[in-house]
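Enquirer: Each chain, written out:
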Amino acid sequence: DPKIIQKPKYLVAVTGSEKILICEQYLGHNAMYWYRQSAKKPLEFMFSYSYQKLMDNQTASSRFQPQSSKKNHLDLQITALKPDDSATYFCASSQVGGADTQYFGPGTRLLVL
Amino acid sequence: GDSVTQTEGQVALSEEDFLTIHCNYSASGYPTLFWYVQYPGEGPQLLFRASRDKEKGSSRGFEATYDKGTTSFHLRKASVQESDSAVYYCALNPNTGYQNFYFGKGTSLTVIP
Numbered sequence: 001d002p003k004i005i006q007k008p009k010y011l012v013a014v015t016g017s018e019k020i021l022i023c024e025q026y027l028g029h030n031a032m033y034w035y036r037q038s039a040k041k042p043l044e045f046m047f048s049y050s051y052q053k054l055m056d057n058q059t060a061s062s063r064f065q066p067q068s069s070k071k072n073h074l075d076l077q078i079t080a081l082k083p084d085d086s087a088t089y090f091c092a093s094s095q096v097g098g099a100d101t102q103y104f105g106p107g108t109r110l111l112v113l
Numbered sequence: 114g115d116s117v118t119q120t121e122g123q124v125a126l127s128e129e130d131f132l133t134i135h136c137n138y139s140a141s142g143y144p145t146l147f148w149y150v151q152y153p154g155e156g157p158q159l160l161f162r163a164s165r166d167k168e169k170g171s172s173r174g175f176e177a178t179y180d181k182g183t184t185s186f187h188l189r190k191a192s193v194q195e196s197d198s199a200v201y202y203c204a205l206n207p208n209t210g211y212q213n214f215y216f217g218k219g220t221s222l223t224v225i226p
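For the protein sequence lines, the chains are V and F, in the order given. So for the first sequence, our numbering puts the first residue at 1; every next one is plus one. So for the second sequence, our numbering puts the first residue at 114; every next one is plus one.
Worth flagging that the hints you see were computed from the coordinates, not collected in a lab. Be a bit skeptical, because a hint or two may be false.
[Claimed, not checked] With a Cα cut of at most 30 Å, we get these calculated BS3-like pairs of lysine-lysine: (1) Lys218/F / Lys3/V; (2) Lys190/F / Lys40/V; (3) Lys70/V / Lys53/V; (4) Lys218/F / Lys9/V; (5) Lys82/V / Lys218/F; (6) Lys41/V / Lys169/F; (7) Lys218/F / Lys53/V.
Whenever a hint applies, use it, and build me the whole structure from the sequences.
Expert: The structure is reproduced here in structure tokens:
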């Protein structure tokens, strides 16, 4: 059974619209993350959350907003979508403390037209 | 700042060839080092990790040795197979309290049968 679920797998959006990417992990981890992968930047860290609190934000734009309604959920809301936002977005999780291994979900592939 | 440099962007080998992918890092103290592998359409998955100087990590015939003197963690495999074709990422966690990972740009390995 998949331990990290990301929904949807594929997403097509129009410029200017808003979308929410869903991530749920069933590994019992306390830290969750979002990464973006595109042709320009292979694997780019965006956010880290620990016990549902934002720990680090490396995203320059406020159009990207993580939302944590439960300990094992970390959704990503993207507003005012632009074609440059087209990428695959990966959710990851880890235990908290030390250099724990991060486990990645299968990704959501977003295409903005 | 903390960073990871992978020298090779793309590598093409024939089956049974020897593989080396170079990874050098920059970090203070003792970071934990990782190799991840990503297959098409999937998220990165851990290959192995190492936390101490001279520690060797290994999995599926791949190996790398943590070398603090040369700040390196080069990935090697004695005999590659077509199924090893994937993108390989070197990563580090600086062990400074945050869970942020720093990924290299990735090396795309193609093994020709």
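Enquirer: Next step is simple, just say for each hint if it's right about the structure.
Expert: Consistency of the hints with the structure:
no.: 1; hint: Lys218/F / Lys3/V; result: holds, 26 Å
no.: 2; hint: Lys190/F / Lys40/V; result: holds, 28 Å
no.: 3; hint: Lys70/V / Lys53/V; result: holds, 11 Å
no.: 4; hint: Lys218/F / Lys9/V; result: holds, 24 Å
no.: 5; hint: Lys82/V / Lys218/F; result: holds, 24 Å
no.: 6; hint: Lys41/V / Lys169/F; result: holds, 29 Å
no.: 7; hint: Lys218/F / Lys53/V; result: holds, 28 Å
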